[in-house]
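Trainee: Below, each chain spelled out in residue letters.
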Amino acid sequence: MSIATTHPGGHAAEPYQGGLRRWLTTTNHKDIGTMYMMFSLIMFFVGGLMILAVRAELFQPGLQLMKPEFFNQLIGIHALVMIFAALMPAATGFANWMIPLMIGAPDMALPRLNNWGFWLLPPAAILLTLPFTLALFGIGDGALATGWTFYAPLSVQGGMGVDFAILAVHILGISSIMGSINIIVTIFNMRAPGMTMMKLPLFAWGWLITAFLLIATLPVLAGAVTMLLTDRHFGTHFFDAAGGGDPILFQHLFWFFGHPEVYILLLPVWGLMPHVLATFSRKPTYGYKAQVYSFIAIGLLSVVVWAHHFFTAGMPVPALIYFMFSTMAISLPLAVLFFCWIATMWKGAMSFETPMLFAIGFIVLFGIAGLTGLILADVAADAQYHHSYFVVAHFHYALFAGGIMGVMTGVYYWLPKWTGHMYCEKLGKLHFWLTVFSFNLTFIPQFFLGLAGMPRRIPDYALQFAEFNAISTVGAFILGLSQLIFAWNIWITVRGGKKAEGRVWESAEGLEWELSSPPPHHSWETQPVIK
Amino acid sequence: MEQARTAPPSHNRLIGRLLLLVAGAFVFAFAMVPLYDVLCQVTGFNGKTGGQETIRDNFGFGGLKTATAPEPAVDLTRSVRVEFTGTVMPGLPWDMRPLTLSLDVHPGELQQVTYLVRNTSNRSITGQAVPSVTPGQAAQHFEKIECFCFEQQTLGPGEAREMPLAFIVKPAVDRSISHITLSYAFFGLEGQRQTLTSREVP
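Chains S and D are the protein sequences, given in the same order.
Adding 2 to a residue's 1-based position in the first sequence gives its number in the working numbering.
Adding 1 to a residue's 1-based position in the second sequence gives its number in the working numbering.
Please keep in mind that the hints were generated in silico from the structure rather than gathered at the bench.
As the structure is a computational prediction, the values presented were derived from the model and not from experiment.
Worth double-checking, as some hints may not be accurate.
Listed below are several chain S residues computed to face chain D (Cβ distance under 8 angstroms; list not exhaustive) [as the list claims (entries may be wrong)]:
hint, residue
1, 111
2, 183
3, 217
4, 318
5, 323
6, 326
7, 354
We put the CB at the ideal spot given by N, CA and C, even for glycine.
From just these sequences and the hints, can you work out the full model?
Mentor: Shown next as structure tokens:
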């Protein structure tokens, strides 16, 4: 199928380029969206392999496979890869593909910036992981070994892997900020006539808040790691107590970004959930306005609660109490979202295709993340749980069950729209059940480990933790392997399969379903008018 | 169709505003450095102890200005356990330990303890101790009358020295505080600071 025949007028003169050249120079939001999604999928497996190596080491007490230094590098880079190179690009990929289709815009507002934003990612990913390879050839001492949080003074003293990671974070930050500006301008300026802000699809709303959070907080991270860089090489003392600096300041700066980052990762997913739930419950979304206001409330609250990540670093009691209550206050708008999701399904004519299964799995497991988060937010309890495996299990319920499974919900929901083919429902369901089973097998034992006092970020542990660690490792390997089903399913769907109709799901609502599947290369050149 | 593809003129304005926001957030990160310092001075975050101003203007054993410190009546109705600890930062070949590990004091009572500090290298080195008090609320009420941290200390090759510390826990300290930990970190001066570039220098 040639592109020239699929869209009328306008671009016919534009020479069509095939092969690598097309992907390098494309300014088409669908192409760029596809590249983001593919990049994200690849990095998802890269980050996954790293953590499987970690879990293999933790299968038994004692050191079997690797040195502690290498272990430290793996956990830090795993986190950075999963957050910055898998989850965030996946969300940006959704935004690129879907926001113009959903709001009736012909493309993103700033197409060239869009292209650049994507092509900054591969170099950054290489920067992050290159020190591993260099170390094999005896250059340097490996990648960032401080954990993904870069805490000073450890990161001031670390090897050159820290510099690589700092520069990678700079590049990833620039890419994300450009993406955010693009999305905000698109949503503000390019909506179809008649689409007021309160008719905006919830997915676009979720992304809008994410974009503003990125713009407000990523530069703070960039500033913090810049200070780290000058501390390391140019003799400044921002975080060096010997020179009058303060290492705790780094924690404040880092988490001023780091906490909103959680919502940056989750808001796009919360935005897409109502679409999926409404479609498969055959009911309109419940509480549209309530959800929009909850998004805004969560966005605002997320920038004033950061210090709950280091309750044990030493703070006056009034500050502890403030951060405890403000953190707990986030559960109010979040509960509104949960009730809206449940109310959307209430008495609906539900059917359980793969996206719906993932959506329901998301609600249940993400609920566990929220409840365990409340426990951690409690200052008194946190003294025990801080830096234990309880925290690890908690944030994997938030970011795997909440983030990654949310992304999978969206992929299964929109894949037929993108490719024009139906995915294999049997493989999708198999993928879902294996993922849910093995995810819980991996992380429920980690709650127990944390409660029993096992600290995170250690390559070896006391004997009493052996059984739960062994179970967790088995779960992790099943979890990792079942993602191959996901990749295979995507592959066969791209290659062929049952033809998908324009309105892929019988009661799907929204502008994107009024286009063919796959949509023409240039869509909504004439903007639809919303009544 | 042509209409739909002409970009609305307000793109650039919006982009400009958003970029301003980005720049503002970046500047905010650097503004936090002095702001945070001020916050710590005022509230005692991070255990920055009281009486530091008098140290800086070299009044020696000052710290007891009659205006600021009322006659310290000793509060015999309660006692606070003060624990002492200390670390030597990497790059400084010294070791240190408190000769008194902990002490029960009545607020308002003058107490004296000593730390034993030893230079394990065969050259003369100058170091500076930086104190920190936990919990932070106690920091403002922990007054050091005399302290080896008031000035730089130079130890000859292999020299060991007992370094004195005299302090008062002021009676104004909150009644809920039963334990105070005083911790020192000894830093080497003279280019022993850890940076990537200076680390290899012996």
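Trainee: Among all the numbered hints in the text so far, which are the ones the structure does not match?
Mentor: Hints 5, 6, 7 are the ones this structure does not satisfy, whereas the remaining hints hold.
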